[in-house]
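Asks: Residue numbers (my numbering), protein chains in the order written: chain A, 1 to 103; chain B, 104 to 339.
Treat the hints loosely; a few may be bogus.
Stretch by stretch, here's where chain A covers chain B in the computed footprint (C-beta under 8 Å, at least three residues) [unchecked claim]:
| # | stretch |
| --- | --- |
| 1 | 126–139 |
| 2 | 169–181 |
| 3 | 191–203 |
| 4 | 206–219 |
| 5 | 271–283 |
| 6 | 286–297 |
Footprint (simulated), chain B over chain A, 3 or more residues, beta carbon under 8 Å [to be verified]:
| # | stretch |
| --- | --- |
| 7 | 50–61 |
| 8 | 80–91 |
If you're looking for bench data, these hints aren't it; they were derived computationally from the structure. A virtual CB, placed ideally from N, CA and C, is assigned to each residue, including glycine.
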Amino acid sequence: MSVWIAVLATALGCYALKFAGLVAPQSVLDDPRVRRFTELVPVALLTALIAVQAFADGRSLEFDPARIAGLGAAVAALLLRAPFLVVLGIAAATTAGLRLLGA
Amino acid sequence: MANTRRDGDAAAPSGDARSAAIRDGLGVGVAVGVSGLAFGAAAVTAGLTVAQACVLSLLAFTGASQFALIGVIGGGGGLVAGSLGAVLLGGRNALYGLRLARTLDVRGARLPLTAHVVIDETTAVATAQPDKASARAGFYTTAITIYVAWNLTTLAGAVGAGRIGDPDALGLDVLGPAAFLALLWPRLTAGRTEARVALAAAAVALATTPLLPPGVPVMLAAVAVLPALLRREESA
Numbered sequence: 001m002s003v004w005i006a007v008l009a010t011a012l013g014c015y016a017l018k019f020a021g022l023v024a025p026q027s028v029l030d031d032p033r034v035r036r037f038t039e040l041v042p043v044a045l046l047t048a049l050i051a052v053q054a055f056a057d058g059r060s061l062e063f064d065p066a067r068i069a070g071l072g073a074a075v076a077a078l079l080l081r082a083p084f085l086v087v088l089g090i091a092a093a094t095t096a097g098l099r100l101l102g103a
Numbered sequence: 104m105a106n107t108r109r110d111g112d113a114a115a116p117s118g119d120a121r122s123a124a125i126r127d128g129l130g131v132g133v134a135v136g137v138s139g140l141a142f143g144a145a146a147v148t149a150g151l152t153v154a155q156a157c158v159l160s161l162l163a164f165t166g167a168s169q170f171a172l173i174g175v176i177g178g179g180g181g182l183v184a185g186s187l188g189a190v191l192l193g194g195r196n197a198l199y200g201l202r203l204a205r206t207l208d209v210r211g212a213r214l215p216l217t218a219h220v221v222i223d224e225t226t227a228v229a230t231a232q233p234d235k236a237s238a239r240a241g242f243y244t245t246a247i248t249i250y251v252a253w254n255l256t257t258l259a260g261a262v263g264a265g266r267i268g269d270p271d272a273l274g275l276d277v278l279g280p281a282a283f284l285a286l287l288w289p290r291l292t293a294g295r296t297e298a299r300v301a302l303a304a305a306a307v308a309l310a311t312t313p314l315l316p317p318g319v320p321v322m323l324a325a326v327a328v329l330p331a332l333l334r335r336e337e338s339a
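Extracted from the complex, chain B is given alone in its bound form (with noise of 0.2 Å):
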């Protein structure tokens, strides 16, 4: 008896559940995939062509490192700097592959198509959900959509920023840290040790920024996390 009550009750909110996860798929995926009109505007801005820039949304499919790149080559940095300071960035989809590696149980020809799509918005939407299955129709939903919205809006900015004429006039240079902070502002605002890592990071990159090639001090703002990791330890 009070076995069969209960499968009869989950059976009911797995089903919400992962109604709710594909809503909230869709809402992360339009809301944030529309940011790729910032990033295709930012990257024609800063240089790049229109296939240069719409390449960068279709294969390497990660924000933050797009940004990235296309910010040191703005800056007239140098290209290798600026790819592996991108690739650096990416460092973190590595984590949340480890974490989605289980829940997604993904083989054969389906993961390197599902690795593509481990991204910032793909795992917070997956994590947050209750069970496995409303976990992959979260991830997916939010895959396929933010895929789709951020690929077309990247040739809509390219295009766009292409045909003003100077795009300094409009503040197109503040969207590239604007779209940092943005992304980053839950995160600072966390905790103190986010906030400490953040101050010295930026310290030593601006400290380092007339002595070294541009893009070598974003790269070696990373040793600001190393006194958070120490005082980890002592205190374990």
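So here's chain A without its partners, still in its complex pose (with noise of 0.2 Å):
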């Protein structure tokens, strides 16, 4: 039942977000630092989340090999300029393979 409440409280929250810069008054773009802060914190948060997804296990920190190769081998994809569901059937296909021969 939990889970449901974090899902509503999750809606609920991005929901009243996007309002609110629908709605806000216009001045408050006209601060630099409001504008550079906003346009940053997806990197640092996006960052953030996909160490801790490549590198942890809950609280403890591990090397899961296939996953990390699975990621290399998405970098590798972007680099070559390949399509974003590309990236991911890529990184899947990459772990899973790694995975069927026993990493």
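Join the two chains, each given in its own frame, into one complex according to the hints.
Replies: Written out as structure tokens, the structure is:
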């Protein structure tokens, strides 16, 4: 049940932010630091999430070779300018392939 | 004479711009919308039910926050921290709304619905257009296409993942981080400030992971932005 509460709270919070931006006074954007902060926060949070999902299991740090190789393959695909879904497919296939081989 | 000619010239490109905006919207909407497949599969892999995955896509409707919440839940993290982190990630949509308010100029009954579709992709298409009319056309085309595609593919991904034996064996656990990486890639390679912020954020999150409840290190990583702001202030 509590997962439901988290799902609904997240939905409500996300909607409130979208709505607030659309109706907020335009003068908020005049401060360059506000602009800068809102531009960079997603970079920080998303990178942190990638790092944690790649190298942590709950509270312990771990190194799962198949998972890291999958992300490495994703980086290679991105460097080759592959489309979004192709990047995801290559990452999952690499990880799955290595696990099949017993990595 | 000159005025008439200019008006005539402006009319033709404006129509073209509008069709181009609609084409942009359809392309982005379908290409990104179908990645709801990855979200649906990852959500069920993380332990959500099919209904929970679908409600998130219908009501939260912002990919990064949705992946963030299921990432924390899948990692056994606290639900409060997970929700807070996800909502914090949705903060950039508020900035998009600020930027788009004047362009879209919505009032009345359409405002609450328009607010719901202020996300990365609709903003990207709208801000790429040369005039207001095509910006609006691009915005709403992207919005409708991506909303339908994202929700249908979330359902398909969630149901499909439920029929799969061991999700890890298929490498589905790598979909979340790979999706974030792909979404972030243009920003990470765009400038040194972004790369520095990213590295610092990853370091903060990993260093505090053994010490704090899951979900909190990701939120804490927002402090990695502060040095970039201070540096800006000094140079200004």
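Asks: None of the hints should be skipped; say for each whether it holds.
Replies: Right, here's what the structure says about each hint:
no.: 1; hint: 126–139; in the structure: holds (count 4)
no.: 2; hint: 169–181; in the structure: holds (count 9)
no.: 3; hint: 191–203; in the structure: holds (count 13)
no.: 4; hint: 206–219; in the structure: holds (count 7)
no.: 5; hint: 271–283; in the structure: holds (count 13)
no.: 6; hint: 286–297; in the structure: holds (count 7)
no.: 7; hint: 50–61; in the structure: holds (count 12)
no.: 8; hint: 80–91; in the structure: holds (count 6)
Hint compliance for this structure: no hint is broken.
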